[in-house]
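Q: Single-letter residue listing:
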Amino acid sequence: MTVSVQREDFDVAAETARLTSGDRDIGAVVSFTGLVREMTGEGPIGAMELEHYPGMTQRALEKIADEAQARWPLQGLRIIHRYGRLEPGERIVLVLTASRHRQAAFDAAAFLMDYLKTRAPFWKKEETVGGARWVDARETDDQAAARWRRGAS
Amino acid sequence: MQVLYFAWLRERVGAAAEEIDPDGATTARELVQRLSASDPRYAAAFADMAAVRVAVDQEICDLDSSISGAREVAFFPPVTGG
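For the protein sequence lines, the chains are A and B, in the order given.
Per my numbering, the first sequence runs over residues 1 to 153.
Per my numbering, the second sequence runs over residues 1001 to 1082.
No lab work stands behind these hints: they were computed from the structure.
Among the hints, a few may not be true.
Claimed, not checked - What follows is a set of in silico ranges between Cβ atoms, one per label pair, in the way DEER data are often shown: (1) A:100 with B:1040: 34 to 42 Å; (2) A:106 with B:1050: 32 to 40 Å; (3) B:1039 with A:28: 54 to 62 Å.
For glycine and all other residues, C-beta sits at the position ideal for the given N, C-alpha and C.
So that you can see chain A by itself, here it is in the shape it has in the complex:
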């Protein structure tokens, strides 16, 4: 399976081995892991709660994965996105891309993260000693996603 939306943690090495196993045409594997940071602008967080839209998250991530596979020559691709209560240092998201040569793997991984950040229906809530607050979307994420628009330089 290419896309998983789950509560459970994942093992990056095991996922990488599974992605590349048996395919001797893979010359490049790029891996991105997103982690929960402790410090925010408002102070340290104790935990983060990741809410999601069950059903739509799976479809939205599959759509993003399909688009990456249409745009780049990839031998393989894997996305895992967790939800639920996560503490600082924990893994949130994994993107793996595999291709014959490195440029496609690098570019596809960056594209997947930029699109995931702006199109995957998850919402983060940070818990601090002062209370809980919903994280605001960043304009920089929209700008990053926009650079992948076809025809944009």
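Guided by the hints, dock chain B onto chain A, whose structure is given.
A: Chain B in isolation, oriented as in the chain A frame:
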């Protein structure tokens, strides 16, 4: 139709999901206007429409897209996954 709310919209509306009769509303924006007129908790939740996104049958679209025949309409703030 099923109407779903997520994140702080869900908190302000006070429900994660409800069955709603669109009662003539043909777009998501019209549905919001009807809901806001019917109860102050919707008016409070939807006070800033610039912060509201919508998905119709699990496809993100804009607020002026048609909801006719839709089974599920979801309202939520800009996404913050990844």
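Q: Return the numbers of the hints above that this structure violates; sort them in rising order.
A: 1
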